[in-house]
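**Student:** Okay, here's what each chain looks like letter by letter:
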Amino acid sequence: MSGKKRDIVIAGYSETAIDFKSGRSAFDLGGEALAKLLAATGIPKDAIDGLSVTAPLSECPNPFFAVYMTEALGITPTWLNYGGTGGCSATGGVARAASAIRDGYCEVAVVLSADAPSTAWRANYGAYRSEFQDPPGVQGPPATFGLLMSRYNHQFGIKPEALGKIAITQREHALHNDNAYTKFKTPITMADYEKSRVIADPLRLLDCVMFCDGANAFLVTTEKKARELGITKMVYPTAYAEVTNFNGSDPLADITETGFSKIAPIVYGQSGLAPKDIRMFQPYDDFTIAVMMKFEDFGFCKRGQGSEFTLDTDLSHKGTLPLNTGGGQISAGQPGLASGGLNLAEAVRQMFGEGEGRQVPDPRNALVTGIGVIPYARNWGTSAAMILEA
Amino acid sequence: MADEKTGRPVPKPSIYVDTKPFWEGAKAGKLMLQYCKDTGRFQHYPRPVSIFTGSRNLEWREVSGKGTIYACTVIRVPGPGLEGRLPLSVATVELDEGVRILGNILNRDPNTVAIGQRVEVAWDRISDDVQYPAFDVV
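First to last, the sequence lines map onto chains A and B.
All letters in the first sequence, in the order written, are residues 1 to 390 by the numbering used here.
All letters in the second sequence, in the order written, are residues 1001 to 1138 by the numbering used here.
By construction, these hints were calculated from the structure, which means they are not laboratory data.
Virtual Cβ for every residue (Gly too), placed ideally from N, Cα, C.
Heads up, a few of these hints could be off.
[Stated by the list, open to error] Between beta-carbon pairs, the in silico distance windows are:
no., chain 1, residue 1, chain 2, residue 2, range
1, B, ASP1096, A, ASN245, 42 to 52 Å
2, B, LYS1012, A, LYS45, 43 to 53 Å
3, B, GLY1116, A, LYS159, 47 to 57 Å
4, B, GLY1116, A, ALA39, 52 to 62 Å
5, A, GLY84, B, ALA1114, 50 to 60 Å
6, A, GLY140, B, LYS1012, 12 to 22 Å
7, A, LYS302, B, ALA1114, 25 to 35 Å
8, A, ALA72, B, ASN1111, 46 to 56 Å
9, A, ASP314, B, PRO1078, 50 to 60 Å
[What the hints assert, rightly or not] Here are the simulated DSBU-like pairs of lysine-lysine, each with C-alpha atoms no more than 35 Å apart in a straight line:
no., chain 1, residue 1, chain 2, residue 2
10, A, LYS159, B, LYS1066
11, B, LYS1030, A, LYS262
12, A, LYS224, A, LYS45
13, A, LYS21, A, LYS183
14, A, LYS21, A, LYS318
15, A, LYS302, A, LYS262
16, B, LYS1066, A, LYS262
17, A, LYS276, A, LYS224
18, B, LYS1066, A, LYS21
19, A, LYS4, A, LYS45
[As the list claims (entries may be wrong)] Some chain B residues flagged as far from chain A (calculated, every beta-carbon gap over 12 Å):
no., residue
20, LYS1027
21, ALA1028
22, GLN1043
23, GLU1059
24, LEU1088
25, LEU1102
26, ARG1118
27, GLU1120
28, ASP1128
29, ASP1136
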């Protein structure tokens, strides 16, 4: 397709293992991710002149976390970005790095996400929440997703076994992931899903992520510079789009209509790909319903047909639409707001042919998404999508 | 500053924008919401500007408190301020004035609350002198 951008590459990735209450900080985890990225790519630290850092729950009181991180890592960037869109900060960081490189602010950027909320939760969302969200008991994402699921079920119907299949498929994938949280490395069955505790009707425990600790990092540069640095494995982010506060000025908006319905056509247009061309889907998975709604928004099936599509499709790593092949966040563990990098790292790993026991055949492209922030009585705050191509 | 009887946190008003009319209305049993004078539409939760126009041409008006359940759930796991309240029925209520508000459904088995049911405002006493809007199915 004419106009497709293939000048910028993701030329490396790294991830720490996911752990619960690791006792470590976002700085320490971020340092591990950087050291692993340098080892994986073979580049010297001083080649890095751009840095994007994700705002972590565990270091929220520090508005200068990104600057502190440059000191912690000994990096002197000429472009520094601090990502505040939660689970969209990793894909968004790659996209912003690409723009910065095209504008000449830097040439070799690292997109770093590290968080340790299961060790130290220091976030305070403040704003309206104490007056208008806490009193009725809507404290966290599960209540909001229970409400969202109830509405989706009312309009379209949910087959619980479809959500169970998503949970089971991703758990099966996590068994092959050395970085997945060790306690999640046990297979689950449909009976386990159906017996799992209801958190906020109809949302069940096995529909949900659990906050853990972890980090990931990506090297973003031009294809030319990557080759000069001696790097041979790279993927091209050929499409990216995001939207925040979708339908935010309409108090009566249909909450089952998400920002992905707006950005999916954009990323397909940028890449020239259609849903049938997508080789693997690595969607942000805070809750199983979000995965199912994205099957619809990205045109793998019609709106409202998510349950049937899920049940009729082989979502395994060898299947027709491989889904969250590292287990996703639900079965690998959600590394706080480093979450979005987990789905992205798995896409890059697969395209580098490093999927080992869960390798997707012919991994020529991947569709990755992010979700950031849960607002008042709607669905989610930011939606982001990126397509990677070989 | 938890109330001794219920253990529920009592929100501190106006830490975000001026919400005094909401809280004083609640004390008097009136549901007061923010109204955009330029468009004639309500918005909730309160904002520093009209979400329709971006202007500050806002005022507070009483609404009927009547509406329909748009979405509903039952919270079944403990959390801060939820002690003694589980299972807790929560709904997104679409008020007849064309605005949605989160609220608890009182005086009813949570398992029988459903989308489409008509509701009207009821008052949930969260401390001796503070009440908060909730809803009864009618």
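**Student:** Going through the earlier hints one by one, which of them does the structure break, listed in rising order?
**Tutor:** 1, 3, 5, 9, 11, 18, 22, 24, 25
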